[in-house]
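Those sequence lines, one after another, are chains A and B.
The first sequence begins at 613 in my numbering and counts up one residue at a time.
The second sequence begins at 613 in my numbering and counts up one residue at a time.
These are computed hints drawn from the structure, not numbers from a lab.
Treat the hints with caution; some may be incorrect.
As the list claims (entries may be wrong) - With a cut-off of at most 25 angstroms between alpha-carbon atoms, the simulated BS3-like pairs for lysine-lysine come out as follows:
#1 A:Lys-982 / B:Lys-723
#2 B:Lys-658 / B:Lys-694
#3 B:Lys-703 / B:Lys-1015
#4 A:Lys-1015 / A:Lys-694
#5 A:Lys-627 / A:Lys-982
#6 B:Lys-982 / A:Lys-723
Note that this is a predicted model, so its numbers are computed, not measured.
Letter by letter, the chains look like this.
Number of protein chains: 2
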Amino acid sequence: MSEAAIAPNCLAGVKVLDLSQFEAGPTCTEALAQLGAEVVKVENPKGGEPGRILGTGPKPGADAYYFMIYNANKKSVTANLKSPRGVALVKEMAKKADVFIENMAPGTIEKLGLGWDVLHALNPRLIYAQVKGFGEGSPYEHNLAFDMIAQACGGNMAITGEVGGRPVRPGATLGDTGTGMLMTIAILASLYQRNATGTGRRLQVAMQDAQLNYTRGAFTNYARTGQPQERGRAGFGPPVPPNDIFPCKPGGPNDWCYIFNSHNNPEHWRRLCGIIGRPELADDPEYLDRDKRLARADEVNAMISAWTRQHTKHEVMQIIGAAGVPAGAVMDTGDLLAEPTFETRGIIQTQHHPAGDLRMPTFPVRFDGKPPAVTRAPLLGEHTETVFGDWLGMSAADVKGLKDDGVI
Amino acid sequence: MSEAAIAPNCLAGVKVLDLSQFEAGPTCTEALAQLGAEVVKVENPKGGEPGRILGTGPKPGADAYYFMIYNANKKSVTANLKSPRGVALVKEMAKKADVFIENMAPGTIEKLGLGWDVLHALNPRLIYAQVKGFGEGSPYEHNLAFDMIAQACGGNMAITGEVGGRPVRPGATLGDTGTGMLMTIAILASLYQRNATGTGRRLQVAMQDAQLNYTRGAFTNYARTGQPQERGRAGFGPPVPPNDIFPCKPGGPNDWCYIFNSHNNPEHWRRLCGIIGRPELADDPEYLDRDKRLARADEVNAMISAWTRQHTKHEVMQIIGAAGVPAGAVMDTGDLLAEPTFETRGIIQTQHHPAGDLRMPTFPVRFDGKPPAVTRAPLLGEHTETVFGDWLGMSAADVKGLKDDGVI
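When you get a sec, could you build the whole thing from the sequences and use the hints?
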């Protein structure tokens, strides 16, 4: 464990029965695991959840990086859900669990005999959580969804892109992780409530619906104008310059720095004029006035660019930030991995895995000064014996019998 | 209250003392409020939190839509934090609260005499939450941040944009709301833990650090290639076509539909060939083979576009989705507001406010079938008398005295 990290143990004793796969469900249960819950993935004995082979990993034939990053801190057991005894095992586990979660295709979990009605009857304390692409009652209720489908249908793509350009898919996986985080909130609130009521709840989230939580700003623009928000126009009307990304030295694809000049704060403009060597414009009403500066947007942006091109993005951020003007270098994954304080602060940690290591972010909130420690993702079925022993009181011989019978 | 919504009451009895402003903090406390906590905003008696005047609202001079959308379901009291008696009032409230949250500029809350040490000593059960732009120990620890700065520095912009194009700011406010959701998770986990320990925790999140939680996929690409993820390349290598947005009738700015054709599932290709009237290509090895189809990307995309241009985005989504191939129309705010099931399912609700109404999304998880009900954002100081009465036992005369003295 990194010295910069701790085990926050907030959810010590909470048992999570995790039938989820890929990203929207696993990001939810990974957050629960990093906060201290015992998360047990139930996987197909033949190959495990499909995320294990999505892209390559540290070694040919080993688990993919994709799986490692979204399944840290969890345990894994196997159960063949095509076998009635495999399904019966999951029901026995559900009696002991606090939380159940799945994100299979619409209708699948019910066909397996593990629907809300069944598990709630077996364990009324169980919190039963489902992630789907579209909500019950939506015209697309039966459609499949992946991250990009949710981002298209949930409003993200329509507001992302260059002014006048086509819609763009955001690189961050809001369709998946964005949804997973909201389910984590709902589960934790329901766990808290259960301390008083003793009863679990049925929780459902649709990936499309979840996107609206992150694009709410566009709803205020609609209320103001009666029109959908245009791409490249996130704020309140056209951006008073400078309020954009500017090109930096040496001109590589990610050598850009965002500079935000609040039009409500004339000091921002004055400070910038000093930095770029144009002090004579600091109090010139042609530039100080918001509307006049907007009319000169091309000229102002060219003036700033002429200066930013002489400096690296890190220099631009440092010089302008130190002057009290908001500035942010466009950092790519390589920049983030190269910035040493992410490691000293515990935000980026190394997952040590038998197949090879992975440097990755942890859940980035600090608890009494330190973020949660990353422990490695489980190998397929690694915890079958210990979990079936702890949860169900099985002996090693019992587990071997199930394995011999092809149940696990 | 919409019949499609409920009060989930998960956090009944939880008192939140909310000194946050704009979006990153308020989205966190709004989620807590929608889940049943009593969230009390403490605002400057002169004008309130600055979000109240960010952009326009239903009426000139009334609260802005921006404020309404991020402060639904909360209460408001006033306290002048420049007055020692105002600060003393906040301390008295902190003794009664379960959660304290602020997102002021670095160092401000400590200068006010309301830092972690002070409030923890007054109320060891208090969960103390802080949102900043950059983390303690980061080289940018003292810098200001806004949403776009966090998105630039946290890796979002570098992976968003067209292939070969410049970085693009995502329209969804991941820098703000994305951070707020992670703090909500940390607060709820700490509340759960407090049931066992009786002690609160100090929670800190940086907006830059929070972005890494949503861009983790790019870290797996880095692990695979040793290079930052390229824009327009979210998956595992170049996308096998079709895996993009396609232009639809009648050609407006948001008339596009995403079509995702999994290269691991040859049925996707076969079904698409039938739909676009090219059944002869369904089993042609020149197109069925992943690498060969990739080499013909321009031809394949042109073929699909020729068909999608004849249909609206909704038709494309419906026809292709019904054939079991993932497809998602690019829906803008207007499309979402026009889709009637968002209202019948309770995901979009109307906030009824004295200044005028606002149609807006609620917290989009359903609890036993229904999402949380939206109630309106508070007017400035609307609950001063009731909250000071309930929390601190003050009389109406006490409150009037404080007002006359300029403390509230």
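Now for the hints, and whether the structure bears them out:
At most 25 angstroms may separate the alpha-carbon atoms for a hinted pair to count; Lys-982 of chain A and Lys-723 of chain B meet this at roughly 23 angstroms. Taking the CA atoms of Lys-658 of chain B and Lys-694 of chain B, the gap is near 12 angstroms; set against the 25 angstroms cutoff, the hint holds. Between Lys-703 of chain B and Lys-1015 of chain B the alpha-carbon distance is near 18 angstroms, which keeps this suggested pair within the 25 angstroms criterion. Pair hint Lys-1015 of chain A plus Lys-694 of chain A holds up; C-alpha atoms about 14 angstroms apart against a cutoff of 25 angstroms.
In summary, the hint linking Lys-627 of chain A to Lys-982 of chain A is supported, as the alpha carbons are separated by about 24 angstroms, within the 25 angstroms threshold. With a C-alpha separation of about 23 angstroms, the suggested pair Lys-982 of chain B and Lys-723 of chain A falls inside the 25 angstroms cut-off, and the hint holds.
Every hint from the earlier list agrees with this structure, and none is contradicted.
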